[in-house]
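Let chain A serve as the given structure and place chain B on it in line with the hints.
Chains as they are written, first to last, in this note's numbering: chain A, 63 to 551; chain B, 168 to 794.
Hints are computed from structural coordinates only; laboratory data are not their basis. You may find that some hints are simply not true.
Unchecked claim - List time: in silico DSBU-like cross-link candidates among lysine-lysine, alpha-carbon distance up to 30 Å:
hint: 1; chain 1: A; residue 1: K499; chain 2: B; residue 2: K336
hint: 2; chain 1: A; residue 1: K366; chain 2: B; residue 2: K761
hint: 3; chain 1: A; residue 1: K422; chain 2: A; residue 2: K220
hint: 4; chain 1: A; residue 1: K94; chain 2: A; residue 2: K366
hint: 5; chain 1: A; residue 1: K436; chain 2: A; residue 2: K422
hint: 6; chain 1: A; residue 1: K220; chain 2: A; residue 2: K171
hint: 7; chain 1: B; residue 1: K366; chain 2: B; residue 2: K658
hint: 8; chain 1: B; residue 1: K761; chain 2: A; residue 2: K499
hint: 9; chain 1: B; residue 1: K545; chain 2: B; residue 2: K696
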Amino acid sequence: MINYLTFLPEIILVCTAILILVVELFQAPSSKRSSIRWIAFLGTLAALLCLSCLSGSCPLGCNLTDGTAQQAFNGFIKTDGLALYFKMIILLATLFTLLMTYRHFETHKTPYPAEFLAILLFSAAGASALTSAQEIITLYIALETLTISSYLLASFMKKDKGSNEAGMKYLLLGAFSSALLLFGFSYIYGLTGTTVITEIAKSLAMQPSSPLAVFALILVVGGLAFKISLAPFHMWTPDVYEGAPTPVTAFLSVASKTAGFAAFVRLFWVGLNVPSLQPIWMGLFAVLSAMSIILGNLEAIPQKNIKRLMGYSSIAQAGYIATGFLAIGPMGLTALLFYIFVYLFANLGVFLTIVIVANKTGSEQIEDYAGMWKRSPLIGIVLLVCLLSLAGVPPFAGFSGKWYLFGAAISKGYTWLALIGMTFSVVSLFYYLQVAKQALVVAPKDPSPIEMSLLERSVLILCVVVTVTLGVWPRPIMDLAQAAASSLF
Amino acid sequence: MIQYSWLIPTMPALAYVVIILFTRRSRILSGLISIFTMAICFAFSVGILLELLAKAPADRSIPLSWTWLEIPPWSANVGVLIDPLCVNMLLVVTLISLLVQIYSWGYMHDEERFSSYYSYLSLFTASMLLLVVSNNFLQIFVGWELVGLCSYLLIGFWFFKPEAADACKKAFVVNRVGDMGFLMGVVTIGMVFGTFDFKTVFDAVTLGIANGTYDTTHHYIAGIALLLFCGAVGKSAQFPLHVWLPDAMEGPTPVSALIHAATMVAAGVYMVARTYMLFSADPFAMTVVAYTGGFTAIFAASIAVAQNDIKRILAYSTLSQLGYMILALGVGGFTPGMFHLTTHACFKALLFLGAGSVIHGVHNQDIWKMGGLWSKMKITGTTFFIANLAIAGIFPLAGFWSKDEILSAVSESKIPGHEILYYAAVFTAFLTAFYMFRLFFVVFMGQPRDHHAYDHAHESPLTMTGPLMVLAVLSICVGWLNLPGVDSFSKFLHYGEYHEEVFHMGIAIASSIVALAGIGLAFVFYISKPELAGKTADTFKPIYLLLKNKYYVDEFYGWMVKNFLFGFATICTWFDDNIVDDGMVDGTGWITRKMGSLFTLTQTGYVQNYALVIFAGVAAIYLFVSF
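Next up, chain A with everything else stripped away, as it sits in the complex:
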């Protein structure tokens, strides 16, 4: 008997996607298709709410479990607290993306909105499934569900050259990295004779260090680092981020990366966390993290396009988060989880403003953000608060997030890495503040106000409130992250 509770959120997402496709069939070509939007939105919300039921802490009291981790398929899939936390991030990001999508398609007309929404939800389902995978084949399939859908999403604007280019580049390089990953997995299977992550760890611990194991490890690092765009596997990021439809960029920068981090945590902290390999991948991550922080921040400086800038920024952010990988233990994992939450709200706040602004001005150039403060005070505040939070300026949440991350890294002896992180956080202020300066200081060329819906307004305010509140009072999310981290340790 299969325990369907383990993948209830994914079931809800997939069913919603299919429902959207079916409902679309009955819609007149001229209709505004608001019904499918509602279905997508409510379906994702339902999946999000079902997480709290699965964690046994539903505020409405409909607890599906008593809070213990659910297993299925001989434990290949296990929805523990950590998986639930990652799923929460992914589903929140999906909700944000849906909100952006509705606004984006107002000006970027597509004849296939239902297909877009369905693919987005499939993608989210893949990301969500990946977080509970305890076995490398399952993990790989979930990852491919996520990435193949993402290729489609990135190239969805068929008439748009940029979108086509982005999709094609993403597909080619993504396929390349997937091949690396699979290649690595095959060696691991060859060495251990199992695909279950915990069994891999047991088997590897018993054998002496072999060059083959190291080779497999490096291939896996290369394949996965591509997904979270760690340098030197980051080259695709700016091009794809710039060309893809903005909601997709937002989705890639948060949901897709979060899934990648989940895979990293499961594979490296459990599967490859053996004495013979651990020092190797620790050193590797330290170097990759430092390179990402340095390259991402430096290359962001000369950018003129805000999406490209956010692409480089996301490389640097991945570097910061990767410092958390080095601090194996509850402290490092808590810091990592907390930072992802903070990153979600700050990053998606910025992307939502990009969509709203582009909808009005049709431009994604930073210079066209001149005087945004006058055109919409809220957008000015969001840009200032969220960008400063990404830069890690107190009292915003990004500061406490980096505080925990670097603190965890220092406690494991990686002071040099923390110092690089801090130094380049200062560098990052330069380009983040360039945007804020345009928005807040420079006079607007076109003073016409920028309208937004009540929902968008509330979500932007929510981003600001969360970012400020977690900066001064990080406890609530820290407690949540600690609880999630405790399921691994």
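Coordinates of chain B only, in the frame set by chain A:
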């Protein structure tokens, strides 16, 4: 109720946010929000007092704490420490703030930035309350700095007046000097004890004394106590950092009342009382505190004698009275110090609000342009007279009891040279009575000197006189809280074990005689023989000028700054402009940007290049790891 005590600083802070964000456009709504919040806070404080009184004396210290930031082994907490000391301050701060806010309704009725004014008042009180409820050094420092910021905003409320702009800058800069010491003290505590929590630190000190490790930490504790005391010297305006307080009267008068009576200057005294454990652990620290207080008391009182601005006289009187409190704490009189803080809050608020009422009526601050106002301003005059009696220490008003306790404490103390301090304190009492009644006689009695001002004078509206009357009643009665033999205040608020207080009849009589003599002298000089005052001033011209110019302390500081600091600053500016800015900062920026542009060249846009980088990356890592 106690478990919700964190609401007390939170509510006015929220009121600030609400006023700034939402109700700024509506004067009435903003003012009402601020006043009602404060009324709720006061009621809350009374509730906490009642709850505390219901408990046994041993259980009256209740800490509540939450973790704020945590990096093991460090953690920063936020929390509340409810004990008699805290509750006493809560009552003083919320009550005075409430009365001042009601009073401001009338006083500021023509003000354009009425809403901003009330939002600042709310934030000011919130900061002070945050400081008061604090259970750790870090939080008290946050409140401390917020109080400093708000005082800056309020003193400079009329920033378009150059004097106000200068005064707020001066207050901020002078406070910075003291705060530097305070911050160093707080950091040292963190380093030595590994925690900022009051209870943990005090327990560690107690333990250190008990098992004899005291000697090794001895110097630390005296040093920490004195560093903390630097902060108190700045905030409570003790010599030599007293110079900001008299200038601070450039703010609206109700703000002066708030600063001088309940918030801001009381913070320093409160902080010393809160960390009394550290001070009392070392006789040397106590001696420094006592002498600073004693000297400030007599020093400021003597300056007040020769001032002509009504608010300036009151400002120096505040300095002098704060000196009394610090002196009391220094000689081991914990309860007398806090008791005087409480009584002083009532009559000093009354004096300032009364002065505000006078200024409101005559639109002038020079006492020599007033006179004979008694007939025009009956309520203001009467309440002002009561406050004068209270501050002069006339039986049975509030000041008599608290001042008497301080004098007793000084005379009983064992610190070296306490006799000198005792006589200084008694002489200060004489000067206080003299200059306060000089002020009263010149302003309210005699003939009108400036008929234009006199004709314009009128009694203030009820929103202003109402708080005056409440404060007048308090100025009479608050002292009775600690009647000899009953000692209800001492039993509630004491340091260490409670000791029965001895009432020294001799001291009481002596201080009364001295006070009456001061009043009598003022009567002779300014009522019966007005020409005598001028003659005396002429006879002792150098002394008079010295006092009138406040011992030239401001001039001395100005000279020091001009000759030493500016010279040094010029060198630093040159270094900063030419080497730091042009060379290092611009250079770093240039290199960083160039590197950014350089690295973006790798971003060719060709997929095959990107794939090559991935391949090269894997290969490089493999080579790196293998060899």
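Hints, verified against the model:
1. A:K499 <-> B:K336: holds (28 Å)
2. A:K366 <-> B:K761: holds (15 Å)
3. A:K422 <-> A:K220: holds (22 Å)
4. A:K94 <-> A:K366: Answer violated: K94 of chain A to K366 of chain A is near 35 Å, above 30 Å.
5. A:K436 <-> A:K422: Roughly 15 Å separates the two Cα atoms, so the pair holds.
6. A:K220 <-> A:K171: holds (11 Å)
7. B:K366 <-> B:K658: holds (21 Å)
8. B:K761 <-> A:K499: holds (21 Å)
9. B:K545 <-> B:K696: With Cα atoms ~25 Å apart, K545 of chain B and K696 of chain B stay inside 30 Å; holds.
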